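Residues -17 to -1, 1 to 353 (mature numbering (1 follows the signal peptide of the UniProt record, and there is no 0)) make up the sequence shown, in order.
I should point out that these hints are in silico values taken from the structure, not numbers from a laboratory. This structure is a prediction, so every number in the text was calculated from the model and none was measured. Don't take every hint at face value.
Straight line, CA to CA, 30 Å or less: simulated BS3-like cross-link-like pairs of lysine-lysine [to be verified]:
1. Lys121 <-> Lys141
2. Lys141 <-> Lys51
3. Lys111 <-> Lys55
4. Lys337 <-> Lys250
5. Lys52 <-> Lys121
6. Lys7 <-> Lys49
7. Lys51 <-> Lys121
8. Lys106 <-> Lys71
9. Lys70 <-> Lys11
10. Lys51 <-> Lys11
11. Lys7 <-> Lys42
12. Lys52 <-> Lys111
13. Lys49 <-> Lys60
14. Lys16 <-> Lys51
Estimated spans, in silico, between C-beta atoms of each pair [unchecked claim]:
15. Asn262 <-> Asp242: 21 to 29 Å
16. Asp166 <-> Asp277: 15 to 23 Å
17. Pro56 <-> Val202: 43 to 51 Å
18. Arg210 <-> Ala320: 23 to 31 Å
19. Asp277 <-> Arg343: 19 to 27 Å
20. Asn13 <-> Ser330: 53 to 61 Å
21. Glu20 <-> Ser186: 44 to 52 Å
22. Arg343 <-> Lys42: 23 to 31 Å
Even glycine gets a Cβ: it sits at the ideal position worked out from N, Cα and C.
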Amino acid sequence: MKKSLFLLLFFAGVVSAAAPKVSKACSKSNGEKSCSESLLQLAEQGRAGDTSAIQLYGKTLAVVRKNKKMMKPVMVKVDTLVWENCKKKESEACIEACVARTDSSFLRADAPDSAACAERPQKLVSKKISLPTPSPMKNFIDSLSTDVFWNSPFSLAKNWLLAIGDSVIPSIDSAQAFLLAADPSDFISARRKFHFCAAYGDSLNARLDSLNAPVRCPVIGSIVDSRDNRSYRVERFGEKIWTIDNANFDIPDSSACYDGDSLNCEKYGRLYTFAAAQNACPEGFHAATDEDFDALSPLDAADFAVTVEFGGYFNQNGICALAGEGTYFWTATEEDASRGYVRNLFSDATALDKASVDKRFGLSVRCVKD
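Using the sequences provided together with the hints, build the complete structure.
Structure, rendered in structure tokens:
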């Protein structure tokens, strides 16, 4: 605990000390490279859950957006066709070409009609014109901001929205339209729903209520484990109430943090052997059974999958793997004396899969109300 607190204070100090340096780099007319690198670093720290880094990212964006040199549009020459009046000496040929153009499928909204060709012959001329396009820095910050919003844990969505603003992230109107049109059983739709709901909260539900819409943002509650006073978020999926945080009760010698790092326990929960998993849940809850997982409808399964943090596992030798890439959840159901059933999900998958695993492995646990 002391180590975790020290690291949190240390990183908070690093972010605070970096603020003037980042702002200075992003306010310079020639600071694009160092400014971009700083934003990338802050984005990565924010994605990992550092809310101070998210706040600094937002402040830095404000500095960049005021930097006229970095944000100056780039003028790009493009080819286009324009109508020009014909010279007198070419009027006869010009009239024929004019009539042919107006009678063809090439007709444009600004083209003259056939009768006008005789009175004022015109011809199409190819010209290059200059059009403004977003600066490289504008493209960079918009792309990065969009990426961190959608690819950070949904619990950080409101933080990112406050930092970035809805000029880049879809507005509440867009969120409402998306929720009304999306397929709720689709994993991508479910993921977007959670991000929108976390970002806009009650105001989005109020919009949906006013429309008598069939969809709503999920209602997230909480419980407290009396054994260690740790709180867990809970949500109803179908007829059952599940924790949407992984169990994190310390069972010595039978559970561990990924790579032995307590910060990973805060992010992913603890990893338990099969036997320990049966005692990981707070009073009144049990480790999800195979039947509990089977009871999830496609819609509920998609919502459940969105809440997953990819916390990896440890094998029978205590070696950890797959953090950030995949996760396994013990069920309370045995296959035989040496193996138990699990559900797994990987970062490139769109559904929970079923498998059996050696009971000595350390996996995550989700709890269901008795």
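Status of the hints after comparison with the structure:
no.	hint	in the structure
1	Lys121 <-> Lys141	holds (22 Å)
2	Lys141 <-> Lys51	holds (28 Å)
3	Lys111 <-> Lys55	holds (21 Å)
4	Lys337 <-> Lys250	holds (24 Å)
5	Lys52 <-> Lys121	holds (11 Å)
6	Lys7 <-> Lys49	holds (12 Å)
7	Lys51 <-> Lys121	holds (11 Å)
8	Lys106 <-> Lys71	holds (12 Å)
9	Lys70 <-> Lys11	violated (52 Å)
10	Lys51 <-> Lys11	holds (10 Å)
11	Lys7 <-> Lys42	holds (12 Å)
12	Lys52 <-> Lys111	holds (25 Å)
13	Lys49 <-> Lys60	holds (26 Å)
14	Lys16 <-> Lys51	holds (16 Å)
15	Asn262 <-> Asp242: 21 to 29 Å	holds (23 Å)
16	Asp166 <-> Asp277: 15 to 23 Å	holds (22 Å)
17	Pro56 <-> Val202: 43 to 51 Å	holds (45 Å)
18	Arg210 <-> Ala320: 23 to 31 Å	holds (29 Å)
19	Asp277 <-> Arg343: 19 to 27 Å	holds (25 Å)
20	Asn13 <-> Ser330: 53 to 61 Å	violated (38 Å)
21	Glu20 <-> Ser186: 44 to 52 Å	violated (36 Å)
22	Arg343 <-> Lys42: 23 to 31 Å	violated (48 Å)
Violated hints, listed in ascending order, are 9, 20, 21 and 22; each of the other numbered hints is respected by the structure.
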